[in-house]
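The listed protein sequences derive, respectively, from chains A and B. Take 1 as the starting number for the first sequence in this note's numbering and just add one per residue. Take 1 as the starting number for the second sequence in this note's numbering and just add one per residue.
Keep in mind that the hints were calculated from the coordinates and are not lab data. Some clues are possibly wrong.
Every beta carbon over 12 Å from chain A, so not counted as near; a handful from chain B, in silico [claimed, not checked]: (1) K132; (2) K161; (3) A164; (4) G184; (5) G186; (6) A350; (7) D513; (8) Q531; (9) K532; (10) H720; (11) D748; (12) A761; (13) N1038.
Each computed DMTMM-like pair below joins lysine to aspartate or glutamate, with the alpha-carbon atoms no more than 25 Å apart [said to hold, decoys possible]: (14) K74(A) to D1013(B); (15) K967(B) to E80(B); (16) K208(A) to D909(B); (17) K409(B) to D435(B); (18) K275(B) to E1027(B); (19) K192(A) to D1007(B); (20) K208(A) to D1013(B); (21) K74(A) to D1007(B); (22) K945(B) to D123(A); (23) K208(A) to D1007(B); (24) K208(A) to D1036(B); (25) K208(A) to D805(B); (26) K343(B) to E878(B); (27) K172(A) to E910(B); (28) K571(B) to D704(B); (29) K1002(B) to D64(A); (30) K967(B) to D495(B); (31) K208(A) to E910(B).
We put the beta carbon where it would ideally sit given N, CA and C, even for glycine.
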Amino acid sequence: MSKLFPKSVNKLPLQILVYLFLVGGLATAGITYYATPSYANVGYAPVQPVPFSHALHAGQLGLDCRYCHSNVEKSGFSNVPTSQTCMNCHNQIKTDSPLLAPVRESYASGDPVPWVKIHIAPDYVYFNHSVHIARGVSCVYCHGKINEMDVVHQDKSLTMSFCLECHRAPQKFIRDPKLVTNLDWKDPEGEKHRIEQGEKFVHDWNVKPPQSCSGCHR
Amino acid sequence: MKRKFEHPAPSERELTGPRYWRSLDELSQTEGFKAQVAREFPEGSSSMEGVDRRQFFKLMAASFALGGVGLAAGCRRPEEHILPYGKSVEYIIPGLPLYFASAMPLRKGAIPILAETHEGRPTKIEGNPTYKPYGGATNAIVQASVLELYDPNRSTVSTIKGAAVTSADVQDLLARIGADALAGKGAGLAFLAGQSSSPTRAALVSKLKKKFPGAVWAEYEPTQDEPPVTAAQAAFGRSVKPVYQFAKAKRILSVDADFFHSESGSLQFARDFAKGRRVTKPTDPMNRLYAVESTFTLVGSMADHRLRLASSHMLAFVAAMAERIVGGGDYAALAAGLEVDAKWLDACAADLVASAGKGESLVVVGSHQPSVVHEIAYRINVALGAVGNTIDFVAIPEDKAADIGMLAKTIEGGAVKTLVVLGGNPAYNLPGNFDFAALVKRVPEVVRYGYYVDETSQLAGAHIVAAHYLESWGDARTADGTIVPVQPMILPLFDGITELEVLARILGEGSTDPHTLVYDTITALAGGDAQKSFNQFLHDGLLAGSAYEKVEVSPRAASSHTPASLVKLSKDNLEVRFTFDSKVDDGRFANNGWLQECPDPITKIAWDNAILVSPRLGKELGISPKGWVDQVSRIETADFKQGREMAHVGEVTVNGRTVKAPLHIQPGLANYTIILPLGYGRTAAGHVGNDVGQNYYPLLTSNDPGFVTGARIVVTSERHQLANTQEHWSMEGRDIVREANLDEYRKDPGFVSSFGVEAEAPPVYSNLTAEEFSNLPPEKRAQITAARSTQSDRGGSLFKTPTFDGVHQWGMSIDLNTCIGCNACVIACQAENNIPIVGKLQVLIGREMHWIRLDRYYSDGRMSGDAYGGDINKEIPEDPQVSLQPVACQQCEMAPCEIVCPVNATVHDEEGLNTMAYNRCIGTRYCANNCPYKVRRFNFFDWNKHATDQIYLGPLGSQSRMPELVKMVKNPDVTVRMRGVMEKCTYCVQRIQQAKIQQKVKAGASDHVEVPDGTIKTACQQVCPVEAIVFGNIKDENSAVSQAKARQQDYSLLGYLNIRPRTTYLGKLRNPNPAMPDYADLPLSRKEYNSKNHPDLEPKKEHGEALLSNAKLFGGLS
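Isolated chain B (complex conformation) (with noise of 0.2 Å):
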């Protein structure tokens, strides 16, 4: 008999007992809702819009028509021609990639990278192993970047006045404006560039100020992603900057900082972060993280006890930790006013000092934080005894670039005839109080050095056409300071020049190209063989040795501050903090799609920059969802409509500025802070980025750019629709995300096996339970697991199972407690394997095509409504524990989807894939509606030949937004897929594909055919920071795979179905400190699942009381 599983019915207190929040839509309970949950796929996604029957049929009978016309012109296949190279050409071997070192210049941090090259075409960036500090990952920005060169909306030519003009001539305008500004040594020239570590340029410079030294030199960067050098000023006297060593770090403390995204370094520091968060047996270690923030980063998701505070408060907070590690000093004034539970800081300070002795212990400041609250961590840190452990001080070169205000008190005073603006786009990104149109007409010549036509290129009268960073040559240094080379993949596209050039020519240099250039100052600093050592330099893609040098620092004695008064916050006197978003960054990667519709990490907003508030000001400002009240009384006011969140519009207004933004409700900001991610908004960016979201540059002054006090919101009556990709925002106490306290996993490792169904469940493979496996030693889980992967019997099914003979059997496992849900893997895995954009529309209608795609769910522990006094509880958590989750095709290997296939489209390998064939595929879709996972994903359109917004008007529609340039990035081994064909991910079966192909071809004539473990990375694998993703051969229990399976935390998502998935995961860890008062016993989600499936067992109040006067005790703050 077939076996069948039901889910877990719901039981009577299920049904009749208090119910709980899932999603806002959910809570209203709309009709509109209900319908959506019968759904498979979103209403709209499935069906057309705007057609009726009748004129559907109207359209068929004249596609019918033009159909016949098209066969009688025949069908037989085109001529088709290959064009062998005239010349052979170096190492170049058509159809196999090349890889090149190079880097991706970024602020003051390149991130090295491996670019793989096609013929002479680069289709995807990888990152450069042989830098230690990265491990070869990168990060979302630079998986995109290669989008950016193939972008039809980036400028192809230059112009003076608006006149197409030659290379030449742009040669010609540069030398004379050298020429011309010798006579007055400089004076009336002037350059505005954006930050750069290049040390060819900063020679240039230099150079250049010695040659012109009346010119001024300006450098703006709207955001920064390094800490004020005066706070190292202050504190040490010393022009340095510190590298935090996350490895080594057992406590931390994070003050407002977005170290796995915002800081300059934060790959490294992601990285190092899991290293010390990993745990692979109970004895390991695990650092504890405590972050005290005022917007919802992901360093609050991972943290193991997050304190919400406005950004404005950070000084009085640091000042209070000072206060209690350090001593002395004025602390304690500056501290004052300050509403926090002294209990919290007492225990975290407490904390942090007991593992000061060892120098584990490290705190951690964002960057946009004044320079007292830098100076103040560092007192701290040298407290701890952390500088020379967990955190390093370099030398830095100092920085002699004037600022923006001074530029522009020299435009203003008229003294500028020339003005020259490299890169940056101060058009869109000044602060609001200054007015960059009104200094550029103060200005006779303007020219704009640019990638973009953008808003600042309008302004300027001469364009010129800048080359992408994998068509240039250059050079860069990574955040520590090592010098990498940027190397020219292919030649410039559209005879775009380097800053480099720009600067050599203005100078008048012998030598303007910029390989010279950089030779030059390489060779110099290497030494020895000039050649060789250059040779090195591109081979390894760094130059040794070539970091910043590490420095011994000496506090000074502290000066006194002058302590502010705190600002009372409120609904009336709100804080603005500005964040610079995620994907597209200050606004530069604006115009790149598949940043673009990657949803944010926290907000899952794709396309848009909500201004997020509070549930408590969302609250006060009346736009929560309604709940109980509106629906007894037939007032349906949906913040959803069948999956699209229908946002309410308001108006910021702060420095007598207003900017009009949706709001979208964020559970765990601090309540009186709004967050304004930056880099949207924007009039010039091209099609993809032209007004997406809002601009809010102007709300910012020049003073204070990471946050400001003292701003207002006004709700309007208008909606505007968010497209928001996970509406459905909690577990409902299900096991999906698995997790435990440290303390309990050491107790009882195999905690996973403890959830659901599996755990009560009879043995289904031989004779072990889920338990009893769990308890076995890891050596022999691998070697049952090992055995397993071959074996077609699988639990007694009677559904005949495809037979795994193959040489290898793939799996991949996940660790949930490294897994920081940075979306690196969303976009290496679009870049690799062809995935299209869909545009804003098509993601609100359910569309979009990412095949992995990052699961976060809230969780409070309040599912029961008896901790609350019986109360429901229909509050959107102001404090949630955030569990993030990654979910790709899970490859089952008894997988639903095959056995509904029709056509036999989706059908398994001997290996164990799930694989599709593309070309078999009609697009039924019963495939997708049969997977539990929801990861298939179809192409409801023809997304590769046509814009986003060209996609209804079918074979009608222009092309010409799609022309060759696009189809340039896509990676030749991966089908492109046309319309009506299910999609999803194969675990990169052309990565795995050729690797055996490569073992083959060097096995030859023998049978050593089993590629060895570690050769296939997959494209998530490859780019994750924390290493988070192991893949490889099942069958063989030593590799890496087999062993991260074999431990105890390894469980499968829905493993009730019996449906096998082949990749698992590694239960999720948190370490919070029971001293602590917002100490929780078990994770919250635990709380929930427990209260949901074990009611019995739940003690009686005292966590949600504890929780609830944890509530009190923060929520009221801020």
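Excised from the complex, chain A in its bound form (with noise of 0.2 Å):
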């Protein structure tokens, strides 16, 4: 038989094996770069031009989120404020903080303060911020708990099937649309009243989700 299999076919098995294990190992670390949450960048949190904070202007301040992302409830674009609206209050507190000199400045010359985009849906997907205030979806579920965030990070992964969650269960997402700027709302009568609530408005505003292609791709 050795004239038939020469002498290397005998590290074959070794070489398999080896082969496998390179194999997957690059199949794990691929799956593990593109496909899991940090592809969805769950976490991202980058450095601003100014060091703005959540956690104190909506948080112990208590400015609602639609003082600043004013156009939330009528496009589907949800606006970061002009620097104008931020002069509105800063041009009585803090006039010379040195960390808002971006925006005092953008303010004098018209240009724009050039804000990270922190929450990325891609090019051929057409989210819509208006219709999902207007019908009761709270900006916590995309966005987490903006309210307590120093620095702004991606919370959710907003991935397809993190949108099909609620598109396919509306009920358990779907609360007055007076409370969606409240972030720390809890149904005081507990979760399942909440739900409840939920399969109740579902019916009652014909709430029905596009769960097909045309719903965000066009």
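Starting from two chains that each stand alone, build the complex the way the hints lay out.
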């Protein structure tokens, strides 16, 4: 038989093992790199040009989200406030703070402050804020407890399966639209009541979140 | 068991009986054609050219290596920024579009628009519905004008003697011209401008004439879109122009007029014509259109009776009609020699007169026709009682501008020291008897104000950048005189200035700001509180009550005409008719890729302006495609090579000048008239428009711009490829466009159900056959259709069907009876859905991307060889009827494309849309293979990243020709597709979703989530001037679309496949006059249908004979 199989074949089982190990390792690495939430950037907290603290403004001071993100109820895009909005208060408070210098410059020149985008949906996804707000989906489900973040980070994966989780069972996430910006809200009558209410809302308001492609991809 | 549908098998008669042509290529039955028939995409469209297997692998290896480098470099997401405004901007909400009323000025008839802007960036134009005559409709040119704003080839910097200068230098230059001219009271100063309807410009010009009495103000337009005022002067002694009221007209005679396209105000005419054409129930009246024309226009394609006649014979024709309708005068002498069947004239005249008592007849003459033809037509209209009913006359301001001839004479006399050319492009489009380059040399200083550095700017010493109309303040008048604002949507991208500023600066006005100038004009006209009325003007987009005043006219005594003998036309004495192109107009839009790539509505040729010749002339010239004989002797002289039209090239000589151009045989032309569409052959238009087609302006003379006789054609041995998007031009006797005559419809309103397999099939739904269903009352039909829209059980099919449980079920109805095939929907769709252009080469290969196409079919009724003594019909028809049909994705409920997609990239949604998830698509193209309508389009290249001449270079190609500027035109609500992705019509899903979202926002904590009917308009529907397209919720039986679908003419294209398209069509009606000699008791396509499918029912010979005799009667004329 040695005529048929050269000696080097003896090493083959080991080679196959090593090869499988390598391929397996690469596949694991690849999946970890591309398919886990780290690809979806959970925890992404870039340094912003101005160290704006949501914990201070939304948490301690209790500003409503919509004071700054003023068009969230009208537009698909929830706007980051213009420097003019900041200056509504900051022309009286902390007028000389060096941290606020970019905002003052922007207000004077009209050039934007280059805020770093944290929550990024791919270009082929047309997410619309206004409809979620109007139909009682709270900010907190996608953005987390922003009111407790000194530096905003991405809290949820924002992948398609994340979206579908809610679109398939809206009753678990829907609440009275008046309460959507209350990030700390808990149903005083308990979790079970919250879901019962959700079921009622889904029925009464004819809530049918799209689960087909055309809902978000155009 | 899965129900399996077979296409109707060919009958024995079909296989062995007489055969008929369906395209030039099939006629010659070449091998290439047979191969093409068997393919899904045309050959070449799915293969790489010039690359063999070995080379391919080499390339792929290299690209994998490159890919590896790319991977190592990291694929993490780049940092993105959010850039909010520094200071809040009034009204702007990021993410929501804003709409402003404005207008697109074009010669003397502006078109009122609403411009959609996204964060200050105009992306889409819609019509302004406040202007009632157009009712929110626009045309292809208006739709495409937004692309021109972002044209990378537009001029970006003003120059003096070739050196770039600042805008301050430009202002100084203009001020100096004014100051210099003041000394000589304007002597030595001359202006050459295009026509304009702007009241502010008119005011500035009259100031100019006062301040510089010695200056020359000349206006030149190469094409005429308004009837000559001299005709009205001759007929009524007044400076008036006609405004046709087609809605009131029941009998219309069109004399060489293309009132759907080339007349100022054509949008109103098309819209009104459709009102008289639309028939919703058997008792409705329907207008009747007689068209006499030399070329084949859309008017001709809608005509119930069409007569082919040379343009130069139109005078004799109107005289012959006047003889019959008006009587007296010297009409008989004028009509002498006219070779038209007297029966045709008598019957047509009688029909017009019969409706005259009610004031329901109308005669329309094309603007290019000489004054005397119009004058006689006016007299006919007076005799028909049309004036005040179907035709109004409005007083128009007198035109005091000098013409180009006078200006040329002044320049030749050496009296012009400074020439200011405002817009236009005289170096390109002056008639051949002027030599603009030579003229310009005699003028020491030439200043050109223009949007492009074009042929004219290249000759001028100074070039001033013009602003686009979407960047300008201005005003204009619509065709009926209503004053409309021109508002800027965006600051000038390249320091362009407006024409008003140029004039004001030369005049030395106190304020040269165009806003101030317009404000002053409008507030003076409007009266009342100035600011308030101006704001109202901008808000409405028009100045109410500012239309030209309607005036009473009374005919003057007819002066005698000198009868000119009719020119006898023949192969050696051809008539040349110059038309202005349906897309690039007179050449001004030549660098607009959307328009260039749009196929001509009749010829279906894109990216070219071939000379059109009649089939008879083609035969006499020896360029007709060869039939049997050649095939037998195995000489293949295919004029189509794998779908590419290999046109013969001919040389046309007229007026002592010669032009070489490809020849395209076009059915339906007057025998010895050749058609030369103007506007192509530009040499300095830009990357898109350069060297596309031929320039025919040198053949023109200034005396007679519409047509000229005495031409000859010499066919050369050269061939030229024409990008023809519809080679196949016959319906082959199939039931694609279903037609009936009005009288048949009145007897059998459900005639569409007597067609095709459906007519004989057992009931598919419930227990009703197609015929039984069509005979139900409309309310019942609407109810059943609405109920069906949500049922998933589709005709007992075992195939798993999607569930239709959405709040709405979307559907569309297209009325073939009013569709005029104007192409507006094609361009509107392109603008709305970010559809790329692919260039001429790719169109030749069959890779055009339009989501909606207009199919144009010819039929001459001659399916049966029996009618022709057993001979086989292999002739191209000389006198065909045209059937037009817009086809986009039909949104089948049981879509064949979906079941073959291996990755679920195309699936149904719960509201009945056949959706496309681009990011899932892997480009197998199985869906396109399985689509019976051929409406899916594939991105063979990255059209959006590379210019059309760079696509083959892939990533190595330069992207510099697709700069940021081009990206600005993209609709932010629609994904821009990449290479390797399939795409198709989505019913404008972005508009649907936005409307649904808005409704849900409004609903909030309530269940009012149903979008009210009429809220959503698809782009094609919104632009349609004839309102042929209706879209909406078919679940609601009271919606407009349900009402339309409940009409008995409603049918599905290829309905027998049981794929249940959500788009259905309303059958086409024709209204021929039984007294006419060319009357056909059935539409010609019906005759073809009958002779194919019911040969036993076909009456022996008689129609064919009638047709043949007609062909003899009219064919030998002209």
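So which of those numbered hints doesn't the model satisfy? none
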